Amino acid sequence: MKKTHIPGQSGFTLLELLVVLGIIAMLAGIVGPQVMRHMAEAKTKAAKVQVEDLSATLDMYKLDIGRYPTSEEGLKALIESPDTAKRWNGPYLQKAQIPLDPWQNEYHYVAPGEHGKFDLYSYGADGKEGGEGEDQDLVSWQ
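Sequential numbering of the sequence shown, starting at 45, is according to my numbering.
Read the hints as simulated data drawn from the structure, not as lab findings.
In this text, all values refer to a predicted model and were calculated from it rather than measured experimentally.
Positions of the beta carbon are idealized from the N, C-alpha and C atoms, including for glycine.
Just so you know, not all the hints are guaranteed correct.
Calculated lysine-lysine pairs in the DSSO-like style (CA-CA distance at most 30 Å, straight line) [as the list claims (entries may be wrong)]:
(1) K161 / K106
(2) K106 / K120
(3) K139 / K89
(4) K87 / K139
(5) K89 / K161
(6) K161 / K92
So the derived label-pair ranges between C-beta atoms look like this [stated by the list, open to error]:
(7) T57 / Q148: 43 to 53 Å
(8) M70 / D103: 43 to 53 Å
(9) W147 / D127: 11 to 21 Å
(10) L137 / M70: 26 to 36 Å
(11) G177 / A100: 34 to 44 Å
(12) P126 / E158: 15 to 25 Å
All chains should be modelled from the sequences, with the hints used to inform the complete structure.
Structure follows, in structure tokens:
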């Protein structure tokens with residue numbers, strides 16, 4: 045097979061490709077950290093929404109049963125009927141599974157709580173009590 049060269053048709057030079065790659069790398073260096081910061085904020089906001097949703101679900105459970113699940117029953121009572129719950133009308137969660145926080149940790153549930161009828165919280169990205177920014181605790185009582 046014979047290759048034919050069409051006049052006026054050419055590809056990019058190596059220098060042009062290197063310039064384009066340099067510009068892309070520079071943009072990634074500037075934009076990347078901003079995107080990561082917004083992702084951390086989004087996870088924190090998502091955890092707050094999940095805590096609020098789970099709190100509302102626990103309120104629905106209380107309307108049916110007359111009490112909140114005990115610490116021993118935990119959030120599992122929202123998807124499986126405890127032996128002591130005679131008027132259980134669940135599962136109370138759509139996917140019939142207890143959601144994890146955005147950092148893939150389980151939510152902590154204590155009833156009765158120190159701050160109200162129940163305490164529902166996530167320790168944030170670090171998984172430890174306290175912290176700031178993405179590591180802050182997200183709680184149901186604030």
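Quick rundown of the hints versus the structure:
{"no.": "1", "hint": "K161 / K106", "result": "11 Å, holds"}
{"no.": "2", "hint": "K106 / K120", "result": "14 Å, holds"}
{"no.": "3", "hint": "K139 / K89", "result": "21 Å, holds"}
{"no.": "4", "hint": "K87 / K139", "result": "20 Å, holds"}
{"no.": "5", "hint": "K89 / K161", "result": "24 Å, holds"}
{"no.": "6", "hint": "K161 / K92", "result": "19 Å, holds"}
{"no.": "7", "hint": "T57 / Q148: 43 to 53 Å", "result": "47 Å, holds"}
{"no.": "8", "hint": "M70 / D103: 43 to 53 Å", "result": "51 Å, holds"}
{"no.": "9", "hint": "W147 / D127: 11 to 21 Å", "result": "33 Å, violated"}
{"no.": "10", "hint": "L137 / M70: 26 to 36 Å", "result": "46 Å, violated"}
{"no.": "11", "hint": "G177 / A100: 34 to 44 Å", "result": "26 Å, violated"}
{"no.": "12", "hint": "P126 / E158: 15 to 25 Å", "result": "23 Å, holds"}
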